[in-house]
Amino acid sequence: MTKIGLEIHCQLTNLQSKLFCSCKANYREFSPNANICPICVGLPGSLPMLNQKAVEKATMISMALNCKIPEKIAFFRKNYFYPDLPKNFQITQFDAYGPTSIGHDGKITIEGKEIRIRRIQIEEDPGRLIYEGMSEKTQITLVDYNRAGTPLVEIVTEPDFDNPKQVRVFLNILVDLLENLGVSDPTLEGALRADGNVSVEGGNKIEIKNVTSFHDLEKAIHFEITRQQSLVERNIPIISETRQWDDRRKITVSARKKEEEQDYRYFLEGDIPWVKLNSDHFKKLKEKMPESIASKRERYVEKYGITTQVADVLSSDKYYADLFEQSHDEKNAKEIANIITTDLMGFVDTREKRETSKLTHQHLTELANSIMDNKITRNSAKTALQEMVSTGKSLIEIISELDLDNVSNESTISSIIDEVLNEEANAVQEVKEKPETVNFFVGKVMKKSKGKADPSMTLNILKKKLGIT
Amino acid sequence: MVSKEEIEHVAKLMRIEIDDHVVHIDRIQKMIAYFDILDKANVESEELIVREQTIDALREDKYIPYDGKLIENLKNYKGSYIRAPKLI
Amino acid sequence: MSLGISALKYIEEIKNGNLTAEEFISKTIERIQKVDTKLHAYLSINEQAVEQARSIDKKIKAMENVGACMGMPISIKDNICVKGTKTTCASKMLEDFISPYDATAVLKLKAEDTIIIGKTNLDEFAMGFTTEFSAYGPSKNPWNTEYVPGGSSGGSAAAVSALECIASLGSDTGGSVRNPASFCSAVGLKPTYGLISRYGLISYSNSIEQIGPITRTVEDTAFLLNIIAGIDPHDNTTINNQNENYLNDIDSGVEGKKIGIIKEMTHEGVDKQVSAATNKAISNFEGLGATFEEISLDMVEYSVAAYYTITATEAGSNLARYDNLRYGYDFDSEGYEFNSYLSKARKNFGPEVTRRMILGGFVASAGHAGKYFLKAMKVKSKLTAQVNEALKKVDMLISPTVPILPFRFGEKIDDPVALFLVDINTVTANLTEKPAISIPFEISGGLPIGIQLLGKSMQDKMLLQAAYALQNTVKLPEVPI
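Chains as they are written, first to last, in numbering that gives the first Met the number 0: chain W, 0 to 468; chain Y, 0 to 87; chain E, 0 to 480.
Heads up, none of these hints are tricks.
Straight-line C-alpha distance at most 27 Å; calculated DSSO-like pairs for lysine-lysine:
1. E/Lys346 to E/Lys91
2. Y/Lys68 to E/Lys91
3. E/Lys262 to Y/Lys39
4. Y/Lys61 to W/Lys283
5. W/Lys352 to W/Lys333
Hints in this document: simulated from the structure, not taken from any laboratory.
Chain W extracted, bound-state conformation:
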């Protein structure tokens, strides 16, 4: 039986500062080594100062993944030498004296399948390595410590996945969950990384590292399963090892063997006293915790009668959910939900578009109410929406500027209909035999009126004129 497990690293990008110092948590805007201090660069005599919010956010993640959380947590040193590690040890969590990491034995169900979470731990990110020069001879490793000390939460699952597709579904759900909790922005480059481990029937566990995207992870796992299965068929033993994903060739390759096995000599980090998490703390966090995606979805469906498909989209995307929460009331909830999930989506589907969008929740409220009051047709509403996103102007301004008023003047519509019926005399005959084709005329009227004609009024008048019901 194929078994797949995951190790996900999530940067807590929504924090203001790093895990152990007050340098900025989001390092991406800085020029090299401009976001460093004695602590994150590990200068002699420096000491770590643990970030309170980081512990809170990590606790929330553990709670959201239904993990057991110990009464006190400890930090450990993982000792090894690497150019991106300024102290040549990483401060992380480890379970040497019983469970001391922030979360254990959790679970999450995806599409009916239960995935167990083995462990969640808080740790610091190392710096970044850049290789200068292409030829082997001139290769210099340049180190940028801007990222060193960025807060990470590592989530380790049990090998409960049966196939790569489940992995993808899980990761999508996890990304939404983390974004919903407000702990991380998954659109930031490098904010979420995942490694996997794979074993097939009759073989040992293989770790896959160096996968840069979730998309590639799925591919890498697929490749590994195939590779391992073919080895098993040929009776070649699969030895436990670490393999790297080669992005260019789209295969996994054996990571170069180290001379000796890594011995990390884990021991307690003496500079960070164990942190006591009391029940008061949990109570406060539970109150602070944002509503879960599942809970939102349920509420949308039950309270507002929104369809499950629409509720799914709305609840799982924090940007949409937030807009919805702020703009709706009992009456226009369904309308707003529809506007967001049908029309708005096309205008704000990327991070950049969302950042530059000038749409506010008031815009949505106005728009929805106007549609429901028949002041503007759905068609025009779509145009208005686009205008709101790009200019932020109010609905009234837009309606007047773009002449989007709902045409609900009977005589105006009547004259437009007469024009259309004249032009499409052939179709008139057809409709008398096939009344359902009346929509053809509605469409023509809408076109002539630039979408402003009130559709239901148009239909009524048309039917009267055509003598159909």
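Based on these hints, arrange chains Y and E on the given structure of chain W.
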């Protein structure tokens, strides 16, 4: 008695080269042999006493830019990087 | 005007106008120039000291606010960061390291207008008890320059005792402040763990070490503690001492105090002169109203092994950052491969540090951690429990600081285990996180003997009061150099 090979293995792990094997290894073996006294201490069932703090005592999550250009005080390469030898 | 005045006396004289900071600093510099070629207490001197003294004098004359230290010269052990100065830890690995920041304790002293007169010598990375392991040569004992000054804060103790400064800040991991204080006839305090911020103290064994003042009088130690003690957000292991004033009521005496004599530190292996001195100290205390009983701490037997196991493990990790890539000394990495460069660069560590790091790698390694490191941690816990029990029965514990008299250079350096055991009386306070102080008590055959008191956690004040009482029962000769 801890073997010479084991000590050399650890030295490698710690990224330390020892030239004067005779002097070093002999002394290290003596030091480790002395630690065997710990076996007589009869502390198997002892609970570890640990230092604690409350979550309220932790640092507030605030961005405070470092005053000054620290990279200029370090061995920098082209003014902005730290240069490391390549890793094989 | 004697350079041997205490800090408190110095302040009095400055306030009375009998002395200026510039005078005192200039005289101190002269003294250093005269004796330090022999003593080698200092690794570097502050070239701006006289200038800084002048500005303080100006402030005093203009009746402006001046800090409590009023320009007194204090030296700092060279493993404590002073901004803009070389901070070498007496190692070739940090030959060129100039600290870009001040340790918290240093900042606090500077804020009170202290003049940091220089950085003092130590055993490399604070590992040792004689300064013989300094990469820049040992310091000498001012009482007899053929003898070791103790260590690792040997330079600090020598400087204070030889009147080359008013006081010094050292660091104490296993006795490194108390041991040299005892050998040089000075006062040396290792405070309760967490009382003084370690931010800026270059870590050797971070879970048990502390910065500690070395002074000529107990009151001076209390005075300095008032300035440098207290919670520091930069060091998560510091404890709130509620702004305790250590100098107030320092003369309240020991009437009614119960003191325990540590059996394991006062019987076997103690030089007879040291034993006699200890007994005298006990009877002096009795004369002041204290009562004594014998206390047994059988875990003391394992304390040295536990100490070395724990400190070696932490040292192995704390010193891993010295790969010479970001700071260190001049050695170009061009043409090298990463791991081989590291191994070559780290050859600049001295032999003792090298051995301790290998030891540390060994006792914490996957196959051996359970046998050594974990056991050592359990010994630490059990010893702590025993001392806590004892301190329920008595107010403090007494022993000689070092069981033997100061010894000559080269005498102990070749036998690692013998060297370990010099520490047997002092490591208990570090392992149990309790405050302990060494009080200069006697000069025997020209060699100083110190008496140690060990107190309850956060009761450093009570310890100082007892130390003050003992100090006033003796009158010691002046340093011969």
